[in-house]
Amino acid sequence: MTVPDAARAVDAVWRLESARIIAGLARIVRDIDLAEDLAQDALVAALRQWPESGIPPNPGAWLMATAKHRAIDRLRRDERLRRNVGELGHELKARQEAAAFAGAPELEAVGDDDFVPDDLLRLMFVACHPVLSTESRVALTLRLLGGLTTDEIARAFLAAEPAIAQRIVRAKRTLAGKQVPFEVPSAEERAERMGSVLEVIYLIFNEGYTATAGEDWARPELCYEALRIGRMLAELSPADPEVHGLVALMEIQSSRLRARVGPGGEPVPLLEQNRGSWDQLLIRRGFAALLRAEQLGGPPGSYVVQAAIAACHARARAAEETDWERIAALYEVLAAIEPTPVVELNHAVAVAMAFGPARGLELVDPLTSRPELRGYHLLPTVRGDLLVRLGRPAEAREEFERAAALTRNGQERWVLLRRAAECSPDP
Amino acid sequence: MRFLMTTTAGDAPDETMMAEMGRFVEELTRSGVLLATGGLDPAGTRISSKDGKVTMTDGPFAEAKEAIISFALVDVRSKEEAIELSKRFWQIVKNGEGAIQQVFGPE
Numbered sequence: 001m002t003v004p005d006a007a008r009a010v011d012a013v014w015r016l017e018s019a020r021i022i023a024g025l026a027r028i029v030r031d032i033d034l035a036e037d038l039a040q041d042a043l044v045a046a047l048r049q050w051p052e053s054g055i056p057p058n059p060g061a062w063l064m065a066t067a068k069h070r071a072i073d074r075l076r077r078d079e080r081l082r083r084n085v086g087e088l089g090h091e092l093k094a095r096q097e098a099a100a101f102a103g104a105p106e107l108e109a110v111g112d113d114d115f116v117p118d119d120l121l122r123l124m125f126v127a128c129h130p131v132l133s134t135e136s137r138v139a140l141t142l143r144l145l146g147g148l149t150t151d152e153i154a155r156a157f158l159a160a161e162p163a164i165a166q167r168i169v170r171a172k173r174t175l176a177g178k179q180v181p182f183e184v185p186s187a188e189e190r191a192e193r194m195g196s197v198l199e200v201i202y203l204i205f206n207e208g209y210t211a212t213a214g215e216d217w218a219r220p221e222l223c224y225e226a227l228r229i230g231r232m233l234a235e236l237s238p239a240d241p242e243v244h245g246l247v248a249l250m251e252i253q254s255s256r257l258r259a260r261v262g263p264g265g266e267p268v269p270l271l272e273q274n275r276g277s278w279d280q281l282l283i284r285r286g287f288a289a290l291l292r293a294e295q296l297g298g299p300p301g302s303y304v305v306q307a308a309i310a311a312c313h314a315r316a317r318a319a320e321e322t323d324w325e326r327i328a329a330l331y332e333v334l335a336a337i338e339p340t341p342v343v344e345l346n347h348a349v350a351v352a353m354a355f356g357p358a359r360g361l362e363l364v365d366p367l368t369s370r371p372e373l374r375g376y377h378l379l380p381t382v383r384g385d386l387l388v389r390l391g392r393p394a395e396a397r398e399e400f401e402r403a404a405a406l407t408r409n410g411q412e413r414w415v416l417l418r419r420a421a422e423c424s425p426d427p
Numbered sequence: 001m002r003f004l005m006t007t008t009a010g011d012a013p014d015e016t017m018m019a020e021m022g023r024f025v026e027e028l029t030r031s032g033v034l035l036a037t038g039g040l041d042p043a044g045t046r047i048s049s050k051d052g053k054v055t056m057t058d059g060p061f062a063e064a065k066e067a068i069i070s071f072a073l074v075d076v077r078s079k080e081e082a083i084e085l086s087k088r089f090w091q092i093v094k095n096g097e098g099a100i101q102q103v104f105g106p107e
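Protein sequence lines, in the order shown, are assigned to chains A and B.
Once you know that position 316 of the first sequence is 316 in my numbering, the rest is easy, because the numbers rise by one and skip nothing.
Once you know that position 65 of the second sequence is 65 in my numbering, the rest is easy, because the numbers rise by one and skip nothing.
So that you can see chain A by itself, here it is in the shape it has in the complex (with noise of 0.2 Å):
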């Protein structure tokens, strides 16, 4: 096998199995930069070993087994590591591990075992811990869980890569600083701790789904990034409804990717789209997950309610046989769980669709001096759509002129623009 062969298995090797590495290795030393660091290491040495001896049958076992063996080296030598990790009440445990590895007789003897699904699990709640920012919790997942480098998470989201290398470090210091337990969260705490776990990945998803800032529409590698995590962590916490309705949106919407960007490169408003080139599969996926959700019971939450919209529209084999009153009846009910101006803006788009545009303008016009939305896009860009369609062109100019001075991607502004001179003046 040749250097660049090793090194491309190397690295595909790691993006599978890295987040199981760490989080086995975090439950061991319980401590997440070290954890990091020790699977770092151990990718070193296969990058210099695998070229010569071929790649191990069971790569993620032998990361594993090697990251191990310099967990136990370091805690043995680390009088003060060994310190903190007893700190923590755990020195016990992890005598235990390490006595029990110490009496494997060949590496390819650590098996599955070491792979326990909760360490997934307690790795996405401290990624995602309270105590970080909200973009620290974004780049540590990414790092963390997605396995990607600081480089790949700096480019997806057009930053320089020090920065968010500056982050990470960060991060994970403000981590140790708090000691924050590598721990699944307790029952009173789970709800809330699950909710910035689906809002980290929801971000990473909308990310990609409609990039905020550049020349680039989508970056669909980020959505199907959102959407791996997504499903691990629906089989990693089954019971949570709300997780099978955040897959089920992801899933919904990930099938429009390819249609909702037109040739060259510019959006395609969903009723435009060529329902021919939505990704069935997705769609079937995203049914199947908003059925384990609503099977779980009880009220349905934010993500369930927006999984079951995406779904009236995924249903819908012609823009014209969209159900909008149906539509319009679940933006209510998600005003209700989630009372916010853009979600306001969205029922009255539905009501529009559903009962005219006349009633829509009702509903849209009391949000324009709503605060929060001075600077959103997209609140000019559906009083223009209203306005067009009541036939008042001139007024529909200026609210295109505005979305275009507001919106802050390249591809979106183009099409804003084109929208505004195809208003011709009020006859």
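It should be emphasised that the hints constitute simulated quantities derived from the structure, not laboratory data.
A virtual CB, placed ideally from N, CA and C, is assigned to each residue, including glycine.
Errors might be hidden in some of the hints.
Taking CB as the label site, the calculated pair distances span [claimed, not checked]:
#1 B:K87 <-> A:A45: 17 to 23 Å
#2 A:P57 <-> B:T55: 42 to 48 Å
#3 A:R48 <-> B:M1: 24 to 30 Å
#4 B:V25 <-> A:R284: 49 to 55 Å
#5 A:E332 <-> B:D58: 54 to 60 Å
#6 A:Q280 <-> B:T29: 17 to 23 Å
#7 B:D51 <-> A:E161: 42 to 48 Å
#8 B:D51 <-> A:A7: 27 to 33 Å
#9 B:M1 <-> A:S53: 24 to 30 Å
#10 B:G96 <-> A:G195: 43 to 49 Å
Position chain B against the provided structure of chain A, taking the given hints into account.
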């Protein structure tokens, strides 16, 4: 990226292989990688078309080795990842033949 992994020949499964494969499939499902998988009846029906005139022939066929007997549709980030998964699969099945092909669209 999606890849379709198919097998055209493989060791007959025994209990150990079934259990290991079950765990492997569960792990891939858990990690969000496996989109669909299944076994196929090697007999099937062959179809050929000349100028739109279709001829059907029911199996089994003499050259059964070419028939696909199982498939897995996976969602990964690179061809290398698909190859790694395939290697894990063959660690369990041991002997056989198959193929990995990228699925174009609808991404």
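Taking the hints in turn, this is what the structure says about them:
A C-beta distance of roughly 20 Å is found between B:K87 and A:A45, which places it inside the suggested range of 17 to 23 Å. The given range of 42 to 48 Å is respected by A:P57 and B:T55, whose C-beta atoms sit roughly 45 Å from each other. The hint said 24 to 30 Å for the Cβ distance between A:R48 and B:M1, and at roughly 29 Å that hint holds. For the pair B:V25 and A:R284, the beta carbons lie near 19 Å from each other, so the given range of 49 to 55 Å is not met.
The hinted window of 54 to 60 Å between A:E332 and B:D58 holds, with their beta carbons roughly 56 Å apart. Taking the beta carbon of each, A:Q280 and B:T29 are about 20 Å apart, inside 17 to 23 Å as hinted. In this structure, B:D51 and A:E161 break the distance hint of 42 to 48 Å, their C-beta atoms being roughly 59 Å apart. With their beta carbons about 51 Å apart, B:D51 and A:A7 fall outside the hinted range of 27 to 33 Å.
A beta carbon spacing of about 29 Å between B:M1 and A:S53 agrees with the range 24 to 30 Å that was offered as a hint. Separation of B:G96 from A:G195 is about 46 Å and conforms to the stated range, judged on CB atoms against 43 to 49 Å.
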